[in-house]
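Dock chain B against chain A, hints included.
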Amino acid sequence: MAMDAAMIERLIKESLPDAQVSIEDLRGDGDHYAAHVVSGAFRGKTRVQQHQMVYQALRGRMGNELHALALQTGAPED
Amino acid sequence: MDTTVQQRISQEVADNPVVLYMKGTPVFPQCGFSAAVVQILSHLGVKFKGIDVLADPGIRQGIKEFSNWPTIPQLYVNGEFIGGCDIIREMYETGELQQVLEQKGVPVRA
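For the record, the sequence lines run as chains A and B. So for the first sequence, the numbering used here puts the first residue at 1; every next one is plus one. So for the second sequence, the numbering used here puts the first residue at 1; every next one is plus one.
Same shape as in the complex, but just chain A (with noise of 0.2 Å):
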C-alpha cells in the first residue's frame, strides 16, 4: 500500500516539528521516497538515534505501508 508525500511530511513535523523536510517520490509510485530531514532535535544524537526517531514519528508505518524511504537527516548548520 502506498503513501503520499504530504502525509510523510505532516507525521514528521508533528513529532519534529522545527524539522525541515524534502520528500522526493523517486519512481512516482507513492513508494519508494527519499526524504531529507534537518531539525535541532538531532543535535548530538548518533545517526541511528536520528533516524529512528524519524520512524518513530512514522509510528509504525516504516517497513508496512511505506515501503522504502532512503532516510538522510542531520542538524542545522549554526
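Worth flagging that the hints you see were computed from the coordinates, not collected in a lab. Some clues are possibly wrong.
Unchecked claim - Covered by chain B, per the in silico footprint, the following chain A stretches (three or more residues, Cβ under 8 Å):
| # | segment |
| --- | --- |
| 1 | 47–54 |
| 2 | 68–75 |
What the hints assert, rightly or not - Residues from chain A that face chain B, not an exhaustive set, calculated with beta carbons under 10 Å:
| # | residue |
| --- | --- |
| 3 | Ala34 |
| 4 | Leu58 |
| 5 | Gly60 |
| 6 | Arg61 |
| 7 | Met62 |
| 8 | Gly63 |
| 9 | Asn64 |
A virtual CB, placed ideally from N, CA and C, is assigned to each residue, including glycine.
Showing chain B alone in chain A's frame:
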C-alpha cells in the same frame, strides 16, 4: 517479543565480529538495499556473516525488535548495531565506515 529469538540474535552478533541481517544471501541478495551493503563490505574486503531473514520469519521480525529498527538490512559489528543501508552508504562515502571497522579491530582493505 520472543525471548528465544532475541537470545539467538544476541548470541549470533556476539560470536561473529561482522554480521549482516539481509534479504537473500551474500551471493544472491534478494533486495537492492541488501545488495548495496554486501557490495560495500565486499569492496572493503570485510569478512562477514550474512543471515537471510527470508529463511526465518522469527528472525525477520525479531531483528526489528532487537535493534528497534524497522527495516532490513542491518549491520552489526562486535555486537553493536551500526546502521541500515542509508547509514552504511553515507558512512562509506565519508570514510567513517572504514574508520569504525578498523577501530573495532576488523581488517579493511586499503
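- Query: Hey, does the A/Leu58 contact hint survive, CB to chain B under 10 Å?
  - Reply: 8 Å, holds
- Item | Annotated coverage of the segment 68–75 of chain A by chain B, confirmed only when three residues or more have a Cβ within 8 Å | holds (count 4)
- Message: Quick check on A/Arg61 please, does its C-beta sit within 10 Å of some C-beta on chain B?
- Response: The hint holds - A/Arg61 has a Cβ within 10 Å of chain B, the shortest such distance being about 9 Å.
- Would the hint on A/Gly60 stand, with a C-beta cut-off of 10 Å toward chain B? Given a least distance of 8 Å, the restraint on A/Gly60 holds.
- Query: Should the interface hint for A/Ala34 be scored as holding, given a Cβ-Cβ cut-off of 10 Å against chain B?
  - Reply: 9 Å, holds
- Task: Classify the hint on A/Asn64 as holds or violated, based on whether any CB of chain B lies nearer than 10 Å to its CB.
- Result: Hint on A/Asn64: holds, closest Cβ of chain B at ~8 Å, below 10 Å.
- Does the nearest C-beta of chain B fall within a distance shorter than 10 Å of the C-beta of A/Gly63? Cβ of A/Gly63 sits 4 Å from chain B, so the hint holds.
- Annotated coverage of the segment 47–54 of chain A by chain B, confirmed only when three residues or more have a Cβ within 8 Å: The restraint on the segment 47–54 of chain A holds, since 4 of its residues have a Cβ under 8 Å from chain B and three suffice.
- Interface hint compliance - A/Met62 to chain B, C-beta minimum distance less than 10 Å: 4 Å, holds
Against the hints set out earlier in the document, no violation occurs for any number.
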